[in-house]
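Chemist: Model the full assembly from the supplied sequences, consistent with the hints where possible.
In order, the protein sequence lines correspond to chains B and R.
Under my numbering, the letters of the first sequence match residues 4 to 247, in that order.
Under my numbering, the letters of the second sequence match residues 4 to 247, in that order.
In case anyone wonders, no lab produced these hints; they're calculated from the structure.
There's no promise every hint is true.
Identical chains share a label here; the pair holds if one copy fits it or two copies do between them.
[Claimed, not checked] The calculated DSS-like cross-link candidates involving lysine-lysine, where the alpha carbons are at most 27 Å apart (straight line), are:
# : residue 1 : residue 2
1 : Lys208    : Lys23
2 : Lys202    : Lys23
3 : Lys240    : Lys66
4 : Lys240    : Lys62
5 : Lys5      : Lys208
6 : Lys173    : Lys208
Please read these numbers as outputs of a predicted model, since none were measured by experiment.
2 protein chains.
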Amino acid sequence: MKLSVYAVPDSVADKALKDKIAVVIDVLRATSTILAALVNGCKEVIPAVEIEEVINMSKNYEKDSYLLCGERNIQAIDGFHLSNSPLEYTAERVSGKTLLMTTTNGTSAIKKAVDAREVIICSLTNVDATADYLASQDNDVVFICAGTDNKFSMDDVIAAGAVISRLSDKVENLDLDDLAVVAMSMYRSSSDDLHNLLKHSLHYKRMMEAGLEEDIRYCLTLNSAPIVAVYKDGVIKTIHKVLK
Amino acid sequence: MKLSVYAVPDSVADKALKDKIAVVIDVLRATSTILAALVNGCKEVIPAVEIEEVINMSKNYEKDSYLLCGERNIQAIDGFHLSNSPLEYTAERVSGKTLLMTTTNGTSAIKKAVDAREVIICSLTNVDATADYLASQDNDVVFICAGTDNKFSMDDVIAAGAVISRLSDKVENLDLDDLAVVAMSMYRSSSDDLHNLLKHSLHYKRMMEAGLEEDIRYCLTLNSAPIVAVYKDGVIKTIHKVLK
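Modeler: Structure below.
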């Protein structure tokens, strides 16, 4: 099984995804928030790159059947029901609803993955479920990190490392590319205190400045959303839930 | 002083270089070879992206005043005087000559850096000289790693980390981007045995398969080419030599 890691969506080469499983990661916060929403019983999440796209899509839905969700540059979007804070996506708010979502980095990364055989939504909050699922498949895997402003973002690469570390315990003859080796090594050397490493990351610092410490704490809590989520035909749904 | 690291030239954003010093790194082997040639007394190195460009340029030079140098996909180029092995660039071969050079990844990375205020040629073989020079300047620095086939290459990022590690001992208030933090941490955790980490790298493995173990050993020997080299107006020259 070959594992490749891309630090930003733009660096994913043409044809790199063909016949492979793509794992999309945006720890702070898009994929963490999507997984929180699914765990709390939303019907589905539909990601879109542009705000206008989200608003146009909403015209196809019955009132009260959908929520407008997302952020731009960490801030909530005027007129939207929910921001990009996973803590807002409670069962009370999202249960049974279709979430129409756009975020600065995360939704673009998901769209970039469409040429893959299958697209998995991943964050630190579902690393065990994701690793178990990948180990059960017989496909090469490409991790697409959302990055921050199209630059390498430590939180996303660490999460890829967390999945790779678990895969390396389950699958023989893994073939890692350079960034996969680095990601696994970074994760293993910091897994007992991720905050201590990630506090040096630009995105972490920006979120702390924006008063989003609670969001960070949620997003860095491993396996708080123990599901496997797939993006298919434009829609993200849960395909497997780990029973506790 | 702000320090940013880009894993591949294509990821360098427009305007990211404005008013900054660019440090171009291709450990295996372009920048190591260029530095070896300069240390051994070549007059100058002129990098070009295409083989044809090198051949056309050579028509402007007197016979015996220049050498055609470089590689494609690790292999020597038919009709060229020297390959990309630093061990071939002895004083006997290169002294006083102009070297016209093209390599698969390295020369493109150098060309990518032209919008910077100054372009420094760096490898593990001149980390101390490069760090001392950067510490003496009052400019933000962008490290441009050549990468391998436009992907993250551990050897180049480790070399950036070696320079950043030294800078952090010399300069107060460094502001590192995420990949700069990771690069420094990778270097510091592996500096006592770089081979042990880098043997997992694609480029290292490819070179071992090609029988180029001696080249690897040379390229990973810190400070064997203790000079500061600058690319300016299309030409690479030594601007400072460390006296032993």
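Chemist: Next step is simple, just say for each hint if it's right about the structure.
Modeler: Going down the list of hints, with the structure as the test:
Taking the closest pair of Cα atoms, lysine 208 and lysine 23 come within 27 Å of each other only across two copies (24 Å); inside a single copy the shortest separation is 34 Å, beyond that limit. Proximity of lysine 202 to lysine 23 under the C-alpha cut-off of 27 Å is restricted to the inter-copy arrangement: shortest distance 26 Å between copies versus 33 Å within a copy. With identical chains, the CA atoms of lysine 240 and lysine 66 are at most 27 Å apart within one copy only, with a shortest distance of 21 Å there and 69 Å across copies. When the C-alpha separation of lysine 240 and lysine 62 is checked against a cutoff of 27 Å, the pair qualifies only within one copy, where the shortest distance is 21 Å, while the shortest distance between copies is 63 Å.
Taking the shortest Cα distances, lysine 5 and lysine 208 sit within 27 Å of each other only across copies (16 Å), while inside one copy they are farther apart (33 Å). Taking the shortest Cα distances, lysine 173 and lysine 208 sit within 27 Å of each other only across copies (24 Å), while inside one copy they are farther apart (34 Å).
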